[in-house]
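Protein chains: 2
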Amino acid sequence: MAKPVLDFWYDFASTYSFLSAMRIAPLAEAEGVTVRWRPFLLGPIFQSQNMTTSPFVTFPLKGRNMWRDMERLADEIGISFRRPSVFPQNSLLAARVAMAGMDEGWGEDFTRATYVAEFSDGRTISEPGVIADVLGKLKLPVDATLALAQSDNNKSKLRAQTKQAQKLELFGAPSFTTADGEMFWGNDRLERALRWAKRG
Amino acid sequence: MAKPVLDFWYDFASTYSFLSAMRIAPLAEAEGVTVRWRPFLLGPIFQSQNMTTSPFVTFPLKGRNMWRDMERLADEIGISFRRPSVFPQNSLLAARVAMAGMDEGWGEDFTRATYVAEFSDGRTISEPGVIADVLGKLKLPVDATLALAQSDNNKSKLRAQTKQAQKLELFGAPSFTTADGEMFWGNDRLERALRWAKRG
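For the protein sequence lines, the chains are A and B, in the order given. Residues 16 to 215 (the numbering used here) make up the first sequence, in order. Residues 16 to 215 (the numbering used here) make up the second sequence, in order.
There's no promise every hint is true.
No copy labels: a pair is met if it fits in one copy or bridges any two.
Unchecked claim - List time: in silico EDC-like cross-link candidates among lysine to aspartate or glutamate, alpha-carbon distance up to 20 Å:
1) K18 x D84
2) K213 x E91
3) K77 x D203
4) K213 x D90
5) K170 x D118
Calculated from the structure, these hints are not laboratory results.
The following block holds chain A by itself, in its conformation from the complex (with noise of 0.2 Å):
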């Protein structure tokens, strides 16, 4: 019999996506589900519910306690948490690089230790220097990859989906999806999904 799937839906621009991309692995092996790391833009789904931003900026109440909560929340499974100057902060490049990845193996990898730049180390993953040194770091030809992110048949996969994720009606991140049409969503989430997933 296959293994169940869950589909697992993230920004790089989201906090709470950083901790599921952290924890979905090692849950997911012990369940025995497969997860398809699913990069897509959360800014065009915002923008048609009439929002400009997210809504830990335009709520900044609900903004504050985000931080400390992501402090504690990181503390409690050991991973470093740092505020980065710039939230939120652009996607685009880093959701084109991971979508490119995902064809090739690395994508995974490369959405971990993306995360890992710009909430324990503080950088600004918009830059395109910043995704050149992770993209070091997992020793893969900087400029071919940037390139390959960049091609036109790469920028229209991450539109479809994007795209995707609107029709499945993804209002946030991260959410999981499964295959009988169940949407969780946020990180708190992931340990039901799985299950549900598993249950199938």
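Put chain B on the given structure of chain A with help from the hints.
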């Protein structure tokens, strides 16, 4: 040594507060934490952030997911859940009655029974007849209790409690606050809030 204390802030309009109200007593007992039940009104807090209604109404995709999420979570803890025809409900009367009940020792029971009327039975708790039914089931004198709830003294207590919530920078419900100044937002943070209070 005095038992550690956790303040549990809830609004009767809030779906996730219903789940916390049904879960908190045995969990707190197990952790040895005393819970202070604190009804308050989210309305003025939303208004001060230029929100005219619940985010679950303003953002329909978020709302749709919330109702499904409530079904799943209620199922998980074995409580009956029904989406009421009115959402969000005007929670003023229920909050006033709960406030009066806290001093008299029946506030917790009233809170749970009112949430059950609203979210298990789908009734409209802004209707005095529904609150009267709840009071009747708890064997409380209906007219005298409603009069007490609507007294100037009790009204100003609820106003003061809502002001305190604002001062604590609460922006949603349920929220949990500890003696050392931590604030946890959301039913999914209940267990962590209790552990924090305990180690406090």
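Results for each hint:
no.: 1; hint: K18 x D84; in the structure: neither (34 Å within a copy, 25 Å between copies)
no.: 2; hint: K213 x E91; in the structure: between (26 Å within a copy, 16 Å between copies)
no.: 3; hint: K77 x D203; in the structure: both (17 Å within a copy, 16 Å between copies)
no.: 4; hint: K213 x D90; in the structure: between (28 Å within a copy, 18 Å between copies)
no.: 5; hint: K170 x D118; in the structure: within (13 Å within a copy, 62 Å between copies)
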